[in-house]
Each structure stands twice: as C-alpha cells, then as structure tokens.
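K.L.:
Each chain, written out:
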Amino acid sequence: MTGYILKRLISAIPVLLGISVIVFLIMAMIPGDPATAILGSYATPENVEKLNRDLGLDQGIVSRYFIWLGNMLQGDFGRSFALNRPVLDEVTDRFGATLILAGTSFVLCSVFGIAAGVISAARQYGFADKAITFVVLLGISIPSFFLGMMMILIFAVKLRWFPVSGMWPIYGARNFWVLLDHLAMPALALAVVATGVVARLARSAMLEVLRQDFVRTARAKGVPERRVIWRHALRAAMVAIIPVLGIQAGFVLSGAVYIEMVFQWPGVGRMLVDAILKRDILLVQGGVVFIAACYVLFNILVDVAQALLDPRIKT
Amino acid sequence: MTFLSLPRRAMLAATAATALVLTITGLQAQTPPDVLIVGQIAEPQALDPAAVTAVNDFRILMNVYDGLVRYKDGTLEVEPALATDWSIADDGTEYTFTLREGVTFHDGSAFDAAAVKFNFDRMLDEAHPFHDTGPFPLAFFFSAIDTVDVLDPQTVRFTLNSPYAPFLSNLAYPTGLIVSPAAVTQHGADFGRNPSGTGPFKFVEWRSNEAVVVDANPKYWDGAPDLQAVVFRPITDANTRTAEMLAGGIDLMVEVPPVALGEFQGDAYAVHEQAGPHVWFLILNAKEGPFADKRVRQAANYAINKEAIVNDVLEGTAAVAAGPTPPAFAWAYNDALEPYPYDPDRARALIAEAGVEGAELTFYVTEGGSGMLDPVAMGTAMQADLEAVGFDVKIETYEWNTFLGNVNPGLEGKADMAEMAWMTNDPDTLPFLALRTEAWPDKGGFNSGYYSNPKVDELLEAARVATDQAERARLYQEMQVIVQEDAPWVFVANWKQNAVTSDRVGGFSLQPSFFLLLDDVTKN
Chain P
1 MTGYILKRLI SAIPVLLGIS VIVFLIMAMI PGDPATAILG SYATPENVEK LNRDLGLDQG
61 IVSRYFIWLG NMLQGDFGRS FALNRPVLDE VTDRFGATLI LAGTSFVLCS VFGIAAGVIS
121 AARQYGFADK AITFVVLLGI SIPSFFLGMM MILIFAVKLR WFPVSGMWPI YGARNFWVLL
181 DHLAMPALAL AVVATGVVAR LARSAMLEVL RQDFVRTARA KGVPERRVIW RHALRAAMVA
241 IIPVLGIQAG FVLSGAVYIE MVFQWPGVGR MLVDAILKRD ILLVQGGVVF IAACYVLFNI
301 LVDVAQALLD PRIKT
Chain V
1 MTFLSLPRRA MLAATAATAL VLTITGLQAQ TPPDVLIVGQ IAEPQALDPA AVTAVNDFRI
61 LMNVYDGLVR YKDGTLEVEP ALATDWSIAD DGTEYTFTLR EGVTFHDGSA FDAAAVKFNF
121 DRMLDEAHPF HDTGPFPLAF FFSAIDTVDV LDPQTVRFTL NSPYAPFLSN LAYPTGLIVS
181 PAAVTQHGAD FGRNPSGTGP FKFVEWRSNE AVVVDANPKY WDGAPDLQAV VFRPITDANT
241 RTAEMLAGGI DLMVEVPPVA LGEFQGDAYA VHEQAGPHVW FLILNAKEGP FADKRVRQAA
301 NYAINKEAIV NDVLEGTAAV AAGPTPPAFA WAYNDALEPY PYDPDRARAL IAEAGVEGAE
361 LTFYVTEGGS GMLDPVAMGT AMQADLEAVG FDVKIETYEW NTFLGNVNPG LEGKADMAEM
421 AWMTNDPDTL PFLALRTEAW PDKGGFNSGY YSNPKVDELL EAARVATDQA ERARLYQEMQ
481 VIVQEDAPWV FVANWKQNAV TSDRVGGFSL QPSFFLLLDD VTKN
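Residue numbers (the numbering used here), protein chains in the order written: chain P, 1 to 315; chain V, 1 to 524.
Simulated from the structure, these hints should not be mistaken for lab results. Be a bit skeptical, because a hint or two may be false.
Said to hold, decoys possible - Here are the simulated lysine to aspartate or glutamate pairs, EDC-like style, with alpha carbons at most 20 Å apart: (1) P:Lys-50 <-> V:Asp-125; (2) V:Lys-294 <-> V:Asp-343; (3) P:Lys-50 <-> V:Asp-442; (4) V:Lys-287 <-> V:Asp-486; (5) V:Lys-72 <-> V:Asp-520; (6) P:Lys-158 <-> V:Asp-267; (7) P:Lys-50 <-> V:Glu-126; (8) V:Lys-287 <-> V:Glu-357; (9) P:Lys-50 <-> V:Asp-121; (10) V:Lys-117 <-> V:Asp-149; (11) P:Lys-158 <-> V:Glu-263; (12) P:Lys-50 <-> V:Asp-146; (13) V:Lys-496 <-> V:Glu-255; (14) V:Lys-443 <-> P:Glu-49; (15) V:Lys-414 <-> V:Asp-442; (16) P:Lys-7 <-> P:Asp-310; (17) P:Lys-158 <-> V:Asp-503; (18) P:Lys-50 <-> V:Asp-132; (19) V:Lys-443 <-> P:Glu-46.
What the hints assert, rightly or not - Partner residues aside, some chain V positions facing chain P, computed with beta carbon under 7 Å: (20) Ala-46; (21) Thr-53; (22) Pro-137; (23) Ser-208; (24) Thr-240; (25) Glu-244; (26) Ser-370; (27) Thr-402; (28) Leu-404; (29) Gly-405.
On a predicted model such as this, the values are computed, not experimentally measured, just so you know. C-beta atoms are modelled at their ideal positions from N, C-alpha and C, and glycine is treated no differently.
Bound-form chain P, shown alone (with noise of 0.2 Å):
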C-alpha cells in the first residue's frame, strides 16, 4: 500500500507543473494588465510603463515564471497588488472558510445522497422512489445561486431565522454554534444539487448490486432485509460510489464560487472572481495552485479508499 500511495503522490508532480503553466499562460494572456485595472480611468501609457514596472511586471513572460515557480518552491507565494498582503496568508485564510462551506456540503450531498439513493433502489417504482426522482430532479434543475437568493429572500429578510450573509457575527461570540447559524443556508444551498447525482448514481449502483447473487442468497438464509440492503447491498455500491464522491467533492468545491459570492462568505472562490477581476495575477496564480495541489491530493484519497475498499485495483 505505501508504494501505491507513493507512485500516485510522484504522479502528481506533472499534473501541478502542467497547470501552474497553464494558470501563469492564461493570467499572461488575457487581456488587460494590472497596471490598467488598478489605474482605471488614469491609465495613460506612462502610468501604466511606470507602475509595471514598480509592480515587477516589465521583465520577460518566461523569465517572470521561472522566478515566480522557484520562489513558490521555496513557500513564497509572492504579494497580492490589490490586497496589498502576502498571497499565501490570503489563501490559507480563505481556504479555510471554503473548506468549512465545502465540507459541510460534502458531508451533507454524501449522507442524504446515499440514504435517499438506496431508498430508491430499495423501492424500485414505489411511491419513495417516484417522490425521491422528483425531489432530485427538482434539486438538480435548481441553479445554486438562485436557490441562494431565494433562501435569503425567506428565512433571512421575511422571516429572520438566520443571517443573510457572512461567516461570523459582526459583534459576539464567535463559537460553534454561531458558525452553524451562518453555514446552515451556504452550505444547503451548495449541497443540493450533488445531492441529486449523487442519489442518482447510488441508486443505479444499488440496482445493479440488488441483482446479484449473493444478495438473493442473503435473503434466502433469512439475513433481515434491513441488513441485507444497507450492509451486503450498500458496502458492494460504494465501490462505485466512491468516485463519484470524489468528483461530487471537486463540484462542490468549484459550486462554492456562486454559493460565496450570494452569501459573502469569506472564501476561496471569492476571492478568485475578485482577484480575476482586478488581474491580481499572483493571487489568482497562487490561489489556483493551491486548490489544484489540494483536489490532487483529495483525488489521491479518494484512490486510496478505494483501493482499501476494493483490493483488485490496486496494481
């Protein structure tokens, strides 16, 4: 098992590589430069030749890349030009409030997505499973921002159960239970829709098991049909569930830019629509290094697990 962990960790090292070119070759392409979004309406040539060049920008695209990846190798991520701050103490930061949002989801779409995928294959064309379909269908029709909005527009300005926006209270406390009282529309709003495919997907997994052998001679030694669903049946689904999980954690992580622009939520994705905006180019690089170097990693868990689940893959 450590030499499996450790060839997949070794294989990450071109993936990150390819996409910190990639991110620096975007960033130098697009059009529009720093200097320009910081000058606005005052952006003359000269202006905008003098504060390139304070900002370190008037050296040449490749030689700029490499002195940005060796410093980055040695942990320095560089200074973001709008938030005058270093980069890194800004993602980690931010990561961890996205984190927070996007983990709860996760565990949410993971937990109500398995339970109402298996009631579904459970009652195949029952009522549960006509209602759950539709339920999900509505879910994953729903565009998340939207439902934001809508969950604001009810339960914080109608009827004031929670507060519209932000992840900690302005004045107090700031304890678990606060922080539940913001997460609790972010991060529903955010697990609705991979709650969707991830029942879907449980559920068809589940079929498939359910016609298996060994199910029917469960069932035909007595095994309880409690048992025989959510132990035999559902521990044989989850090795195809798993990967979905996976990907579901990735959507969630990318959903969570709609879900903290509506509800202000100090994350990562906020501040890489910002940082995109105000071509903050050693923000939005750093920025989107880091999470690569974070989904990498989550992927190689999620190959682990399965792995551990099932031993035939690894080889």
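Given the structure of chain P, go ahead and fit chain V onto it with the hints provided.
P.N.:
Chain V only, in chain P's frame:
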C-alpha cells in the same frame, strides 16, 4: 419495511438539529446603538491613502485621515482642514501653508511640517527611504510639485515646477490625505493594514473579508464624533447588500441598485441622493467614418433619448448631461447650457445633409466598470435610438479591463463610438486629459475619439495656470459652450450617487465629492 426506519431516524435527527439551531439563535439580533454598520461594495485594497485608487477605499479613508484642505460641506470648493491658512505666490508656483497647532496622529505622534514633507516625499521621491511602501498609482496628481520645504514646524511651502490651478483641489482628494510618518516607519509595507491618521475615527482592526472597524477619536480637532464606532462590511453582491439592509444587518448602504430602490420606500428607511462630479458619455470617432462630420455627431446627440435612459434604464439614478462638465462643479459649470433635446427628425435631417444615411457603426460597449452604471442596457437602448434614425449599429461587448485596453489606445480603425464614464475632483481633469489635441492617445492622453479644436486647447491651458477661481470659471464655461456645439461626445448622464439609511440613523447626507463623511452621523 423496516429498512426505512434508519433514514426516517436520520430525517428526524436533521429536523431536530435545525430546530435546535433556530432556538439557540432565535431571531437575528439588531445592530448595537451608536455603532454604525456600513455595507460597502468591496473589500478595501489598503488603508494607505497614497496607495489606493478606488472610491470604495476612499469611503473609509476620509473618516480616518485629514488633508491639508477639504471640500466644504455639500460643495466641491476647498476650505481649511489641517492647514488653517495658505498663500499663493503671484506666479502661481509657490503655495505656503500654515498648519493647525496641537494636532496629533492616532498613534500619538505630532502632526507638523516635517510630517507633511514626509508624506509628499514618500510618494514623489524615488530615493525616499519609504518610497518602496508603494506603488503610488495616483502620485501624478502631485507631479507638479518640485520641492516641499519645512519653513518652521507650523509652516510648509510647496514649490511647483509650473503654475497648476487644480493643486488645491488635488490636496483635498484622498491621495493628499496625511498619514503618520511614525506609523509608516514602524510598519513599512504593512502600513496599509495598520493605518494612522488625524481623522475623526481611528483604526481598530481589519478582519479580512469581514469588516474594517474604526472607533471614535475623542481628541478630534474638529469635535469628537457622535458615534462610538463604525464598521465597514464588504458585501460585493448588490442583491445580498440589499437583503442585508432589509434584514437589519447593516444601517447604511451605498450604491443601491436602481431596481432595488422601490424596496426602501416608507418610514423605516431614508433614501439619499446626490449628483456628483461624474459624466457618462459616448466617445465618437471624429477622425474617420461618419462621425468625422460635426453634423453627424450632433445628429447622434439629437437621436438618443437621454430622458428615457435616465428614467427607465437607470430608474432616475442619474440626470441628463448637457455638456462635458458635471453640474456638481457648481462654480465652473455653465448654467446656460441646455442638453441636446430628443429630436429624431432633426437627427435624420442632419444625417441626410451629411449624406451618411444607413451608415454602419461599430459601437464598443462594456459589461460593467467604475462609474459605468448599467452599460449593457444603456448601450442597447442607444443602439435602438440610432437605428431609428437610420444607422446600422453593431455592438461589441467587452469585459471592463479588456474594454479599456481597446478604447484607451484610440478608436481609429476599430470603432465609431465607445461608452465611457469619468469621475473627477476638479473641472480641469477630464477635459484636459480627454478633449485636448495634445491628449490624443499617441501622445499619452485619453482623447480616444481624436477631437481637436485649437480654441478649446487654448482655453484649457489658460484655465490650468490661472490661480483666480473666477477667471478659471469663465474659461471653463466658455469651453463647455464650444465643446457642446462641436459634439465630440454624446453627452448622456450625470450619475446621482445614492445611499439608504435605516430610521435609526440621523445626520447623514451624501457629498457631491462622493466621499462618505460620518463624523456628524448619529444612531440610536
């Protein structure tokens, strides 16, 4: 069907958990008294006035710092602030300021002539030990300064390399706010996150992406503020900002989207409006194509229904512009100027006279940007108006920075017209940078439509070096008449900045400078 019992239990647990959250937090609490919570449009870049360029940042800075001079309440005319008095040499190149005595920065260090010199040297002198705390993108506001001399602790003299009349109003602009040299020395490049000034509020903390908190400065030279504290919250999404205002999470909201204004009718809120030094216009390519003919440029001004745009597209959040200078510069504005009326028949006649019926026009539109209001909807409305008088208008839409990259180098060979908006602090700035022959893009200016009129050039040069305000006003007023007649632009709108306060807030008014001044505001 026992297998259903587990999820049923899970559902029950989930419901119970939700109910628990609701009971613990109850209904959302109101904001505390004497603490004003302001909904800002974005996270500030830095709280160093020399380093920032955005109005969003200025809204905080104007409450933490003072300049040597400031705008008189409700006007764009300068009055004393940290300087109590000043004199200008006859040739207009020497400004000598007498400084207010007994003022200290929030960090306890003294405000004096050496501090003033430190501020301008830091921005302008590349050899200054703290020049590296920049970059200072708007330092060119003060590029006329040759030297700053400390005559005695309460007297400072600026020597300019040539007469430059906007100098005083540039000192009133946020770039001219005075920072504490001791704090810059202590924090270096991190000064922008550890600001110290002389203003009515002193900095307490900056929680990234959550809030900037400032407390009242009880020793403020112009009287301590009524509020205990102000919290600036960045809420970038306009819908979310509106929802926060409706839910009571903020007490004051700036830049209310026009469509949301209807939500704030009634006694629970007050809507504030103030026209500012802003002008929204279309740059017309006067070098080539149909708009090289003055009659066609005038026709475009007649063809576009500006009333409909400000009332229907912008929901009354702007007024129709008559010329290149916004009326907010009351002292320099020509009241006799009437906007081009909406007259499609006149437009058709002028187009026929010029023989350009059915001409094809390329129109650059932006998706959004500083001061651009609702550019896509406005662009579409104008396209319809121009097509109604016989043009064939093709819109090309660009993201803001890409748009500037296309427009600023000039429209030649690319487009016939482009949207644009400017917000300035002196009537000199926009025409000087965007209407003179010397300001064509190849000479480093913003005259992207290549307008050129020697008389206008002469008037603008003269107004820049005249130190007498009445004389400057006369020159600007004459310039406005000529430019309106020449129609290098379609003059469209002057934005009225808006804000909403809750009924707990008193003493608030918006300023024509678009700055947010909170020292006289109260909240119960």
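K.L.:
Hint by hint, note whether the structure agrees.
P.N.:
Okay, the hints, checked on the actual structure:
| no. | hint | result |
| --- | --- | --- |
| 1 | P:Lys-50 <-> V:Asp-125 | 14 Å, holds |
| 2 | V:Lys-294 <-> V:Asp-343 | 17 Å, holds |
| 3 | P:Lys-50 <-> V:Asp-442 | 17 Å, holds |
| 4 | V:Lys-287 <-> V:Asp-486 | 13 Å, holds |
| 5 | V:Lys-72 <-> V:Asp-520 | 14 Å, holds |
| 6 | P:Lys-158 <-> V:Asp-267 | 18 Å, holds |
| 7 | P:Lys-50 <-> V:Glu-126 | 12 Å, holds |
| 8 | V:Lys-287 <-> V:Glu-357 | 19 Å, holds |
| 9 | P:Lys-50 <-> V:Asp-121 | 17 Å, holds |
| 10 | V:Lys-117 <-> V:Asp-149 | 7 Å, holds |
| 11 | P:Lys-158 <-> V:Glu-263 | 13 Å, holds |
| 12 | P:Lys-50 <-> V:Asp-146 | 19 Å, holds |
| 13 | V:Lys-496 <-> V:Glu-255 | 10 Å, holds |
| 14 | V:Lys-443 <-> P:Glu-49 | 14 Å, holds |
| 15 | V:Lys-414 <-> V:Asp-442 | 15 Å, holds |
| 16 | P:Lys-7 <-> P:Asp-310 | 18 Å, holds |
| 17 | P:Lys-158 <-> V:Asp-503 | 19 Å, holds |
| 18 | P:Lys-50 <-> V:Asp-132 | 13 Å, holds |
| 19 | V:Lys-443 <-> P:Glu-46 | 10 Å, holds |
| 20 | Ala-46 | 4 Å, holds |
| 21 | Thr-53 | 6 Å, holds |
| 22 | Pro-137 | 5 Å, holds |
| 23 | Ser-208 | 6 Å, holds |
| 24 | Thr-240 | 5 Å, holds |
| 25 | Glu-244 | 5 Å, holds |
| 26 | Ser-370 | 5 Å, holds |
| 27 | Thr-402 | 4 Å, holds |
| 28 | Leu-404 | 5 Å, holds |
| 29 | Gly-405 | 5 Å, holds |
This entry satisfies every hint, going by the numbered hints stated previously.
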